[in-house]
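So you can see what is in the structure, the chains are spelled out below.
2 protein chains.
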Amino acid sequence: MSNKTLIFGHKNPDTDSIASSFVMENLEKNLGNDEAKAVALGNLNKETKYVFNYLGMEEPEIISDVENDQNVILVDHNEASQSVTNLEHSKILKVVDHHTMNFVAPYQLYYRTEPVGCTSTVLYKIYKEYGIKIDKKTALLMLSAIASDTLLFKSPTCTPDDIRVAEELMNISGVDIKSYGTDMLKAGTDLSDYTPEQVINIDCKLFEKGGKKFKIAQVNTADIDNVFKNQAYFEAAINQDIEKEKLDLYVFAATDIVNSNSKIITLGHDAPVVEKAFGVSVTNNTAMLENVVSRKKQILPNILNNLD
Amino acid sequence: MSNKTLIFGHKNPDTDSIASSFVMENLEKNLGNDEAKAVALGNLNKETKYVFNYLGMEEPEIISDVENDQNVILVDHNEASQSVTNLEHSKILKVVDHHTMNFVAPYQLYYRTEPVGCTSTVLYKIYKEYGIKIDKKTALLMLSAIASDTLLFKSPTCTPDDIRVAEELMNISGVDIKSYGTDMLKAGTDLSDYTPEQVINIDCKLFEKGGKKFKIAQVNTADIDNVFKNQAYFEAAINQDIEKEKLDLYVFAATDIVNSNSKIITLGHDAPVVEKAFGVSVTNNTAMLENVVSRKKQILPNILNNLD
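These protein sequences, in sequence, are chains S and A. For the first sequence, the residue numbers in this note's numbering are 1 to 308. For the second sequence, the residue numbers in this note's numbering are 309 to 616.
Bound conformation, chain S alone (with noise of 0.2 Å):
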C-alpha cells in the first residue's frame, strides 16, 4: 500500500473530476498532509487536456484500483460502479461531491456534498471556510471545472452558487469565463482522431436500477450532423459494450452546446423507454431532444421515472 492519499475523480473523467482532484490536492496540503496525490481513473478528454495546455500542467498519473487499506479521496463521484477496483478495501478519508448519493462506510469520515452544479463550487466554499488562499492556478482549475459542468452556466444543472464562485474565481484568476471557457469547451468537440469506441467511452457512465444495468454517455458537439455522420459506427460499438456488459439500455447523446439540445441513439432491448421518457418518437434508433442538455438533471432522472 502507498502513503500517498490518492485523490481521484469518477471513471471517464471529465474536466471536473480532474480539475476538482487537483484542487483537492492543494486543499490537503494546505491543511498538512503532505502525501496527497491528484491520480486519474482514465485519460484527459481534450476539453480537459486544453485546461492542461493553458496552465502548461502535467498531466496525472492514471490508476485503475487500489491496494487494501489504501488511503483515498473520492471527488465528483461516490458511487462504487463509477471508482476504482477495490474501492471497499481503501480507506475513504474524504468526499466532496454533488451528485445523488449511493454511499457506504464502516468507520466515521468527511463527506461533503451539495445541491450545486459543480464539485469546485463546494471546494471553493472549503478554502473559504478554512482561510486558505487560493492562487491563480488553482482559481483557473475550479473556473474551468464550472464552465465545463454548467456549460457556461447554460445547464438545468448550473445554481446561483456556480454563478457567484464563477464570479469570485474571474476575479482571483483575470480569466473571463465565457471567451476562456468558449474555447475550451471547443476543443472538446474536437472527435477527430478518436475511433468510435473511443468517443462513447469519453464521457459515459453506467447506472442501476432494480437490476437493470444502463449507460449514458454524452459528447459535446458545435455540430450534431457532423457527428451522426458516423451514427453506424457509433451504433455497432454500442452493441458490442451492450453484449459484453450485459446492459439493458445505452443512451448515447451528442449535445449542442450552442443550440442546447441534443440528438441521443437508444439501444438495447430497453431502447424504447426513451419515447415515453421525453414524449418522443424514435426513428433509426435518433431522436431530438429539445432543450435538453443535462444527463444528472434531465436524462437520467427521466430514464430512471420510466424504466420498469
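FYI, nobody ran anything at the bench for these hints, they're computed from the structure. Fair warning: this is a prediction, and the values are worked out from it, not measured in the lab. The C-beta atom is built at its ideal place from N, Cα and C for all residues, glycine as well. Treat the hints loosely; a few may be bogus.
Facing chain A, from chain S, some residues (calculated, C-beta under 8 Å) [stated by the list, open to error]:
#1 H99
#2 N102
#3 Y107
#4 L109
#5 Y111
#6 T113
#7 E114
#8 P115
#9 E129
#10 L304
Derived lysine-lysine pairs resembling DSSO-like cross-links, with alpha carbons at most 27 Å apart [as the list claims (entries may be wrong)]:
#11 S:K91 - A:K605
#12 A:K433 - S:K128
#13 A:K436 - S:K128
#14 A:K399 - S:K213
#15 S:K91 - A:K520
#16 A:K517 - S:K209
#17 A:K399 - S:K209
#18 S:K4 - A:K605
Which residues of chain S face chain A? A few of them, derived with a C-beta cut under 8 Å, are [to be verified]:
#19 F103
#20 V104
#21 A105
#22 R112
For this one, chain S is given, so just place chain A on it according to the hints.
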C-alpha cells in the same frame, strides 16, 4: 404533507440528537427557512430534560413517521433503521452527522459529516462558515451535546475539534462545562422511576450485518451495582425484545461515567461473541469491560469484527 421542514435526530434520542435538532432549526431560520421545525422520534431522557429545564425550553413534539414528500433534515444519524418510518418517501434536504454511513438518495442534497465526537461540533463549524451569530441558548445546547457525547472529553470518540469548539462555546454561553456537564450527566443516571423496558430503551440502537440483527443499549450511571440490582428484570425485558424483533444479539451496557468502564448484559444466540470481541469471560450473562465507554468506537466495532 406538512409545509414544514421537520428536523430530527435518531430514535431513542440522546442529548446530541435533541439539542442538534434545535441548533439546526435556528440555523435554518437564519438561512431563511422559516418553516424549519425541530421534532423528536421519542421522549427526552432525563439528561436531556435537565438541559431543557435549565434553559426553560419546551420539549419538542414527538413523531414516528412522515408523509410522502415531507421535507426533512436529519441530524445525528443517517441510516433508515434509526430514523422515522417512511423516510424513503420523504424529501431529505440536508444531513448533518458524525456517524458511519449507509445512505442512499436518488437526488442531490446537502450532506455534511465529519469524524468528530458530536453533531453539534459540525454544526458549530457551519454557523462559523455562514457567519451566523451563536446566541447563548444555542451555545449551551451545543455545549450540552458535546458534554454528553464525549462524556466530558473522556470518551475515545472525543477529538481535538470537540474540545476546541466546547471551549469557544463556554466563552459564548458563560457556562463551565465541567460543573454544568457533571450535573447534566448525573441527572441522566437517575433510573429510579423507569420500568425495565424503559431503561433498555433510553439509548438503544439497532444494527445489521450480513443478515444478522442486533441491538446495543447503553445507560450512564455513577453506580453500576445499583443498576445491576435489577438485572433479572432487564433480562426479561431484553428477551422479550429479542423474540419480538427476531434479534440475534442484544448487548445492554451500563457505563460508569466516573470510573470510565462498562458492565454489560449479553443475550441472544450470538451472546458468546462478546467473549471473543472483548477478551472477557461471560458469567451469568454479564461481563465487565474495563476502559470501555463508547458504543460507537469500542462496543460496536468489536462486535462487528467478531460477528460471523
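Query raised in the report: Where does the structure disagree with the numbered hints, that is, which hint numbers, in rising order?
Result: none
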